[in-house]
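Q: Protein chains in written order, with the UniProt record's numbering: chain L, 1 to 235; chain B, 1 to 364; chain W, 1 to 58.
Simulated from the structure, these hints should not be mistaken for laboratory data. Predicted, not measured: the structure shown is a model, and the values here were computed from it. For every residue, glycine included, the Cβ atom is placed at its ideal position computed from N, Cα and C. Hints should not be assumed to be uniformly reliable.
Incomplete in silico selection of chain B near chain L, CB under 7 Å [what the hints assert, rightly or not]: (1) 203; (2) 206; (3) 312.
Below, computed lysine to any residue pairings styled on SDA-like, alpha-carbon distance capped at 20 Å [as the list claims (entries may be wrong)]: (4) 87/L to 37/W; (5) 78/B to 314/B; (6) 87/L to 34/W; (7) 87/L to 29/W; (8) 87/L to 32/W; (9) 237/B to 198/L; (10) 237/B to 188/B; (11) 78/B to 109/B; (12) 87/L to 17/W; (13) 78/B to 99/B; (14) 238/B to 198/B; (15) 238/B to 195/L; (16) 238/B to 87/L; (17) 78/B to 98/B; (18) 238/B to 128/L; (19) 237/B to 199/L; (20) 237/B to 212/B; (21) 237/B to 183/B; (22) 78/B to 97/B; (23) 237/B to 213/B; (24) 238/B to 203/B; (25) 87/L to 9/W; (26) 238/B to 201/L; (27) 78/B to 112/B; (28) 87/L to 27/L; (29) 87/L to 10/W; (30) 87/L to 28/W; (31) 78/B to 119/B; (32) 237/B to 192/B; (33) 87/L to 35/W; (34) 78/B to 217/B; (35) 87/L to 20/W; (36) 78/B to 123/B; (37) 238/B to 198/L; (38) 78/B to 198/B; (39) 78/B to 47/B; (40) 238/B to 291/B.
Here are the chains, one letter per residue:
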Amino acid sequence: MDQKHASSPLAGAVHDLATEVVLALRSGDHLATVCGAAGIDEENRTGIAAVRVIGADLLLPSVLYGRHPHPGDVAVLDRAVREFPPKPDAPAATAWSHWHMISTLQRMAPPAPGAAAPGTYAEPDAAWLEEAPWQAFTHQLSVLAPLAVPAAPSAVQRAAANRAVDLSRGFVRAVRRRDWLQAAGAGRWLAATGGEPATLGLDRGLDFVELMGGHDPRVTLHVRAARLMAEARAR
Amino acid sequence: MTTTATEDPQGRPGQDPQGRPAREPAFTPGASGASGAALAVLPGVLASALAWTDAHRTRFALPDDVLEPHTQVNATLKPLGELAQLGSTIRRTTAPGTPEHEVAGDLVAYAWEQVHEGALLLELLRAEPFAAYPYEIYAAFAGYGLRHEGFEALARPLTATRAWAHTEQHANRQLGLVNSERRVGVVTHTDAGGVLSRTWLGGLSEPWMFEGSSGYALTHTVFHLTDWGRMPDRVPKKIDGYLRTWLPAWADGCLESGQWDLTGELLAVAASLPGPAPVELLDAVWPVLADVQHPTGCVPETGVPAEDPSPDPYPFIDCYHSTLVTAFAAALSLRSLRQTDERAGRPTGEQTGETTPGRERHTP
Amino acid sequence: MFTTDTTATDIELDLDAALNPGEVEGLYRDSRECAYLALLAGGGALLLSPPTPRPKKG
């Protein structure tokens with residue numbers, strides 16, 4: 001595990017895991033498990049916590065390329081769902097990322113008939129998102145960037161689609177603040193839901209964000225996801 | 001400069017002191033972002049910025065050696081020209097009989113007196129006949145009806161030359177020259193539309209490339225295009241939509257980084273758009289700038305506002321421009337908001353909801 | 001198997017922070033301006049002329 005630049009063991013594990021997801025997104029025809037490549041198994045608590053942070057993006061290569069996910073990755077994602085459920089007082093974003101992990105598992109790896117479904121499935125509250133000022137809205141949406149995937153409807157995705165101009169302003173604001181991760185997350189949402197003003201110049205903007213912030217593999221992950229979704233939309 | 005949300009003296013809407021987004025907007029009446037928040041602070045901001053300027057008018061006085069080659073133009077003629085330009089705009093934007101209208105008129109008269117009713121500008125032109133700035137300063141007065149026959153007699157052949165038409169400068173500054181020509185009443189050396197298309201704004205530049213220099217280029221493009229807010233209808237529809245879409249994002253960055261002078265200029269641009277005022281933007285930004293304004297009325301150009309209660313917390317050169325810009329933007333904003341209310345048949349100050357006409361169309 | 005309680009608690013704290021990060025500090029820096037690179041006649045030396053004072057306002 002490369003922790004030279006990480007501020008904590010968890011941050012190092014997240015870095016490694018995101019790097020493997022990016023590699024899988026690049027190759028497009030990966031066969032190995034993402035978790036296996038990152039040295040994470042079901043017995044590694046830091047690794048499982050890193051999977052909780054990366055969330056449903058663990059299966060992103062399969063989601064975007066329309067392939068079956070590797071059973072090992074499904075098992076670790078399922079483990080992360082069960083190991084780190086949101087606490088009762090958890091912030092809404094935590095509840096939403098957890099919900100999305102469950103929802104992704106159900107979509108990508110439905111349980112065998114008769115097996116117990118993993119946990120609850122009710123959508124968390126999203127009214128706060130609709131009322132949030134555009135700055136806070138963009139920041140929160142960026143934290144929830146894993147929800148920006150095709151064919152995964154949610155209240156968060158509807159809010160993103162309804163507030164495309166606000167998200168675009170948030171993208172501009174994030175670039176001005178040199179907050180590359182937030183910019184990448186906002187750009188990924190815009191690529192997923194569309195509706196950004198034509199003058200935004202999202203394609204070049206995402207290239208720029210990747211080149212400036214690509215030392216963080218999560219930035220690259222979001223930008224790659226955005227490109228793949230934009231290409232799919234253009235077809 | 002680098003700032004953090006925690007250094008933001010106001011605590012912008014939707015952010016707690018740690019810079020984390022608030023999950024519930026905590027808007028209170030009169031607070032930043034609340035409906036009517038701009039109109040609640042604007043009359044006071046305008047009156048006090050003008051009062052500071054009036055009280056410091058002698059600081060705009062030209063020194064005896066103003067025409068000497070060693071004298072810094074940016075510390076003498078530039079501030080005086082700006083006093084004339086912004087003062088005359090405020091005079092024309094405010095209602096006759098109001099104290100602001102009177103003070104603004106006094107300030108322009110004072111500036112005209114400083115240039116000896118134009119005679120000093122003629123001397124300047126004789127000293128530097130091939131410079132553009134004497135003409136630009138003269139045009140600030142001429143646009144207001146204060147003219148000098150001798151200046152115009154010498155300027156006439158110079159501004160009819162090929163060299164004048166090919167003065168090498170930034171496109172937004174060239175637009176300023178076109179506007180100066182319009183004010184003096186001569187045939188413009190080129191078509192404003194062609195120059196506009198060469199500006200950062202006219203090119204509808206990617207908004208994420210905005211920074212200080214493009215920001216000032218953009219604001220001045222709008223000032224020259226609209227004759228300092230006098231002719232909003234000269235803003236083409238595409239540019240109107242572009243500005244309504246992106247001004248909120250740019251103003252937010254200026255507030256966080258303490259660029260108060262540029263914030264004021266962006267507000268003046270927002271108030272120079274054709275059609276209804278961008279109410280939501282004005283309501284979000286004006287209360288913040290009002291808080292930055294010193295009790296005496298001056299506004300610092302950049303940085304953390306001084307706590308010092310004394311009459312002159314900032315050096316004149318570091319606050320006169322931002323204070324003039326604040327007064328100018330406040331006068332334009334009041335006009336824009338009141339006209340919006342009149343059009344909607346509402347008593348002033350009762351906005352309802354967002355008014356964002358002409359905002360850019362989404363991509364298909 | 002899983003590590004000690006102390007570490008587990010550390011991980012949970014780190015995890016909570018990672019799942020709900022606040023905004024990072026904005027880093028603002030505007031471009032500087034550089035005057036033309038002027039080729040000096042006579043000397044033939046490439047000279048970086050002194051930067052023009054950055055205009056404080058537009």
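Q: Each hint should be assessed against the structure and marked as holding or not.
A: Each hint, compared with the structure:
1. A cut of 7 Å between beta carbons decides the hint on residue 203/B: the least distance to chain L is about 10 Å, and the hint is violated.
2. About 4 Å separates the beta-carbon of residue 206/B from the nearest beta-carbon of chain L, less than 7 Å, and the hint is met.
3. With its C-beta approaching chain L no nearer than about 32 Å, residue 312/B sits outside the 7 Å limit, and its interface hint is violated.
4. About 62 Å separates the Cα atoms of residue 87/L and residue 37/W, which puts this hinted pair outside 20 Å; it is violated.
5. Straight-line distance between C-alpha atoms of residue 78/B and residue 314/B comes to about 19 Å, which keeps the hinted pair within the 20 Å bound.
6. A hinted pair counts as satisfied when its Cα atoms are at most 20 Å apart, and residue 87/L with residue 34/W does not qualify at roughly 55 Å.
7. Proximity of residue 87/L to residue 29/W is assessed by CA-CA distance (about 40 Å); at most 20 Å being required, the pair is judged violated.
8. At most 20 Å may separate the alpha-carbon atoms for a hinted pair to count; residue 87/L and residue 32/W exceed this at roughly 49 Å.
9. Taking the CA atoms of residue 237/B and residue 198/L, the gap is about 15 Å. The hint holds against a cut of 20 Å.
10. Annotation: proposed proximity of residue 237/B to residue 188/B is violated, straight-line Cα distance about 23 Å (limit 20 Å).
11. Distance restraint check for residue 78/B and residue 109/B: the Cα-Cα separation of roughly 17 Å lies within the 20 Å cut-off, and the hinted pair is therefore satisfied.
12. A distance of roughly 13 Å separates the Cα atoms of residue 87/L and residue 17/W; the hinted pair therefore holds under the 20 Å criterion.
13. For the proposed pair residue 78/B and residue 99/B, the alpha carbon gap of about 26 Å is over 20 Å, so the pair is violated.
14. Between residue 238/B and residue 198/B the CA atoms are separated by roughly 15 Å; this keeps the pair inside 20 Å, and the hint holds.
15. Of the pairs offered as hints, the one joining residue 238/B and residue 195/L holds, with about 17 Å between alpha carbons and a cut-off of 20 Å not exceeded.
16. Annotation: proposed proximity of residue 238/B to residue 87/L is violated, straight-line Cα distance about 49 Å (limit 20 Å).
17. For the suggested pair residue 78/B and residue 98/B, the alpha carbons sit about 28 Å apart, so the restraint of at most 20 Å is broken.
18. Taken as a hint, the residue 238/B and residue 128/L pair is broken in the structure, with Cα atoms around 33 Å apart against an allowance of 20 Å.
19. Annotation: proposed proximity of residue 237/B to residue 199/L holds, straight-line Cα distance about 14 Å (limit 20 Å).
20. Annotation: proposed proximity of residue 237/B to residue 212/B is violated, straight-line Cα distance about 25 Å (limit 20 Å).
21. Straight-line distance between C-alpha atoms of residue 237/B and residue 183/B comes to about 24 Å, which puts the hinted pair past the 20 Å bound.
22. Proximity of residue 78/B to residue 97/B is assessed by CA-CA distance (about 29 Å); at most 20 Å being required, the pair is judged violated.
23. As the CA atoms of residue 237/B and residue 213/B are separated by approximately 24 Å, the hinted pair breaks the 20 Å bound.
24. Taking the CA atoms of residue 238/B and residue 203/B, the gap is near 10 Å; set against the 20 Å cutoff, the hint holds.
25. Restraint check for residue 87/L and residue 9/W: the C-alpha separation of about 14 Å stays at or below 20 Å, so the hint holds.
26. The hinted pair formed by residue 238/B and residue 201/L meets the criterion: a straight-line CA distance of about 16 Å does not exceed 20 Å.
27. Between the alpha carbons of residue 78/B and residue 112/B the distance comes to roughly 14 Å, so the proposed pair stays at or under 20 Å and holds.
28. Between residue 87/L and residue 27/L the alpha-carbon distance is near 37 Å, which puts this suggested pair outside the 20 Å criterion.
29. Of the supplied pair hints, the one linking residue 87/L and residue 10/W holds, its CA atoms being roughly 16 Å apart against a limit of 20 Å.
30. With a C-alpha separation of about 37 Å, the suggested pairing of residue 87/L with residue 28/W is violated against the 20 Å cut-off.
31. Between residue 78/B and residue 119/B, the direct Cα distance comes to roughly 17 Å. Compliance with the 20 Å bound is thereby established for this hinted pair.
32. Restraint check for residue 237/B and residue 192/B: satisfied, since their Cα atoms lie roughly 16 Å apart, inside the 20 Å limit.
33. Between the alpha carbons of residue 87/L and residue 35/W the distance comes to roughly 58 Å, so the proposed pair goes past 20 Å and is violated.
34. A C-alpha spacing of about 17 Å is found between residue 78/B and residue 217/B, which places the hinted pair at or below 20 Å, so the restraint holds.
35. Proposed proximity of residue 87/L and residue 20/W is supported: the alpha carbons are some 13 Å apart, at most 20 Å.
36. Between residue 78/B and residue 123/B, the direct Cα distance comes to roughly 16 Å. Compliance with the 20 Å bound is thereby established for this hinted pair.
37. A C-alpha spacing of about 11 Å is found between residue 238/B and residue 198/L, which places the hinted pair at or below 20 Å, so the restraint holds.
38. Distance restraint check for residue 78/B and residue 198/B: the Cα-Cα separation of roughly 25 Å exceeds the 20 Å cut-off, and the hinted pair is therefore not satisfied.
39. Between residue 78/B and residue 47/B the CA atoms are separated by roughly 23 Å; this puts the pair beyond 20 Å, and the hint is violated.
40. Using a Cα cut-off of 20 Å, the hinted pair residue 238/B and residue 291/B is violated, with the two alpha carbons roughly 33 Å apart.
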